[in-house]
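S.K.: One-letter residues, chain by chain:
Number of protein chains: 2
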Amino acid sequence: MSSGYILVTGGAGFVGSHSLIELINAGNSVVVIDNFVNANHETMMKIEEICGTKITNYSIDITNKSALHDLFSKHKFTSVIHTAGLKVIGESCDVPLLYYRVNVCGTINLIEVMKEHNVKNLIFSSSASVYGSPEYLPLDENHRTGRGVKPYGKTKQCMEELFKDLCKAEQGWNIIILRYFNVAGAHQSGKIGDNTQGPPAYLIAYCAQVAAGKRSEVVIYGNDFDTHDGTAVRDYVHVVDLAYAHVLAQKQLEKECGLRIYNIGSGKCHSVLDMINAMSKSSGKQVKYRIADRRPEDIGSFYCTPDLALEELGWKATKGLNEMCDDLWRWQSRNTDSSPVS
Amino acid sequence: MSSGYILVTGGAGFVGSHSLIELINAGNSVVVIDNFVNANHETMMKIEEICGTKITNYSIDITNKSALHDLFSKHKFTSVIHTAGLKVIGESCDVPLLYYRVNVCGTINLIEVMKEHNVKNLIFSSSASVYGSPEYLPLDENHRTGRGVKPYGKTKQCMEELFKDLCKAEQGWNIIILRYFNVAGAHQSGKIGDNTQGPPAYLIAYCAQVAAGKRSEVVIYGNDFDTHDGTAVRDYVHVVDLAYAHVLAQKQLEKECGLRIYNIGSGKCHSVLDMINAMSKSSGKQVKYRIADRRPEDIGSFYCTPDLALEELGWKATKGLNEMCDDLWRWQSRNTDSSPVS
Chain A
1 MSSGYILVTG GAGFVGSHSL IELINAGNSV VVIDNFVNAN HETMMKIEEI
51 CGTKITNYSI DITNKSALHD LFSKHKFTSV IHTAGLKVIG ESCDVPLLYY
101 RVNVCGTINL IEVMKEHNVK NLIFSSSASV YGSPEYLPLD ENHRTGRGVK
151 PYGKTKQCME ELFKDLCKAE QGWNIIILRY FNVAGAHQSG KIGDNTQGPP
201 AYLIAYCAQV AAGKRSEVVI YGNDFDTHDG TAVRDYVHVV DLAYAHVLAQ
251 KQLEKECGLR IYNIGSGKCH SVLDMINAMS KSSGKQVKYR IADRRPEDIG
301 SFYCTPDLAL EELGWKATKG LNEMCDDLWR WQSRNTDSSP VS
Chain B
1 MSSGYILVTG GAGFVGSHSL IELINAGNSV VVIDNFVNAN HETMMKIEEI
51 CGTKITNYSI DITNKSALHD LFSKHKFTSV IHTAGLKVIG ESCDVPLLYY
101 RVNVCGTINL IEVMKEHNVK NLIFSSSASV YGSPEYLPLD ENHRTGRGVK
151 PYGKTKQCME ELFKDLCKAE QGWNIIILRY FNVAGAHQSG KIGDNTQGPP
201 AYLIAYCAQV AAGKRSEVVI YGNDFDTHDG TAVRDYVHVV DLAYAHVLAQ
251 KQLEKECGLR IYNIGSGKCH SVLDMINAMS KSSGKQVKYR IADRRPEDIG
301 SFYCTPDLAL EELGWKATKG LNEMCDDLWR WQSRNTDSSP VS
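In order, the protein sequences belong to chains A and B.
Numbering of the first sequence is given in the numbering used here, commencing with residue 1 and proceeding in unit increments.
Numbering of the second sequence is given in the numbering used here, commencing with residue 1 and proceeding in unit increments.
To be clear, the hints were calculated from the coordinates, so they are not data collected in a lab.
The model shown is predicted, which means the values in this text are computed figures rather than measured ones.
Heads up, none of these hints are tricks.
For lysine-lysine, the following BS3-like pairs were computed, each having C-alpha atoms within a straight-line distance of at most 27 Å:
hint, chain 1, residue 1, chain 2, residue 2
1, B, K46, B, K319
2, A, K46, A, K76
3, A, K150, B, K150
4, A, K251, A, K268
5, B, K164, A, K164
6, B, K168, A, K150
7, B, K65, A, K65
8, B, K115, B, K251
9, B, K115, A, K65
Start from the sequences and build out the full structure, keeping to the hints where you can.
M.R.: Next up, the structure:
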């Protein structure tokens, strides 16, 4: 349990909201900021309901540096969990400049304000996207980054590089970079899940929307990959497992750990078909799909070894595919009208 | 000759000032901004003297986005030559956050303002630093970037990546990335040169300051590299040659070239000892030196093939080592008091 307040940026977002619950359950005191673009105020109320406590939260965009200054003048933070940012890979290819503004300049604003207020403990939401096309599997933290990476992943990588440079240059920083693999599921209460606007960025959420009748079918791009059923495999991690990694990372910060990088994945592979079948089972409805051609640059297999997180943080994924689908379906079926959108 | 105004950012700096002269001599109309931190107002007057014309210039920092907005509202630009930025590799290791603020966020400000004002032609000052430790020589533009790169080079690389993403995502951008090798020399008039504050970032400028009695000796780190005399070799390019590359790149922009990347180097190798001997000859004074151990990560050989710039821009370096040293010495001997600083 941290002795001071933890600032959670993007605290009403998918990862942020689930992390908040785990942090509060573990006895931490938190303050939240969010720009409430891909999140809503109702989520904050639901988190308060789940945790049985009020949470101080502000509508602040990280691209607004003076608002960050005011916030840090008002509250004394011991650390920051920085989950705020734009996260949809496809969108980042369409509007890269916006992704650089928010994910790069927004993060630089935050770091500058932290430094000015002598807050030097940070947990950063990075992504497995920084690895690009794998040279070997499973991916470990020493795998090279930056080749064939999309704009979203580049913005994360650019910030990882800043953090490495900063920890080399200046005493006192402790920065933990968590490279998330494919985040899936929802809170077991069925009260909160992924509220990101637009078509789901994640396959599993897409499957759930098909099951809910909101979308007509899942398109599987390629069934001739070198995997157990020919469809692409990924490393899915339940959002509640992933949220708990932030609690353990927070404890690691308190040991003055310097710069650390951890893969946050299950280390297990599930294919697109595995996911469709699991969601069909959880929802009791057959998730329709059709096979289409592979797209250029699609990767067949992508998964990690999470051994370092186990060794140093004591973290590992505990929830499997069925739990991810059950929890997601519980949230999906309670929180979405079934009017079709595609 | 461009039909409208060209904005030159950092126009009073080393590369910016020399580029201005070549641009004006080629008949272009320019507007200059500079924050006058590593440059001075006197340089602007000297450029006006050399060119025989007044130059509109403003004291604007690229980190001030609203000032950029005002500038673009006042002037209609057809293109931007973006040389502004921090450039000292060693310093970037000490204050990386500042380098990211200026070189990354400052450039993002500029690009956003350009986009809002529909100015989509850009020449960008990048650096051979993006290559890091060479995998093969000579370096061509397809050599991988980003391994073993210092913060300065990372900020340049991050912006190169943004430009690639931007040109893929949006119609109408023409962006030429010039990767400068080791810039050396000074204007043949002896009136302008490198005014960067602090110890010279470039070997040749250091040699000149030793010749001028301002510094006591050149330290040569390592004389056991696999080169013709054992000291490290680099690819030096005269700043006036390099400046002219901007004139040719400006013509290339007018052909709607999309994204292009060019090495701007001589393709020739000169060692530290070659440089010391050439500067001794130019100055008529023996440049003192001593040999020290190699430093970790020092690279023995680093040079490019500038063939692509010749093929597509019609550019090549025309001035050799003696001319670089003669021109630099002319400027050094007229512009520096000889009080020792080290």
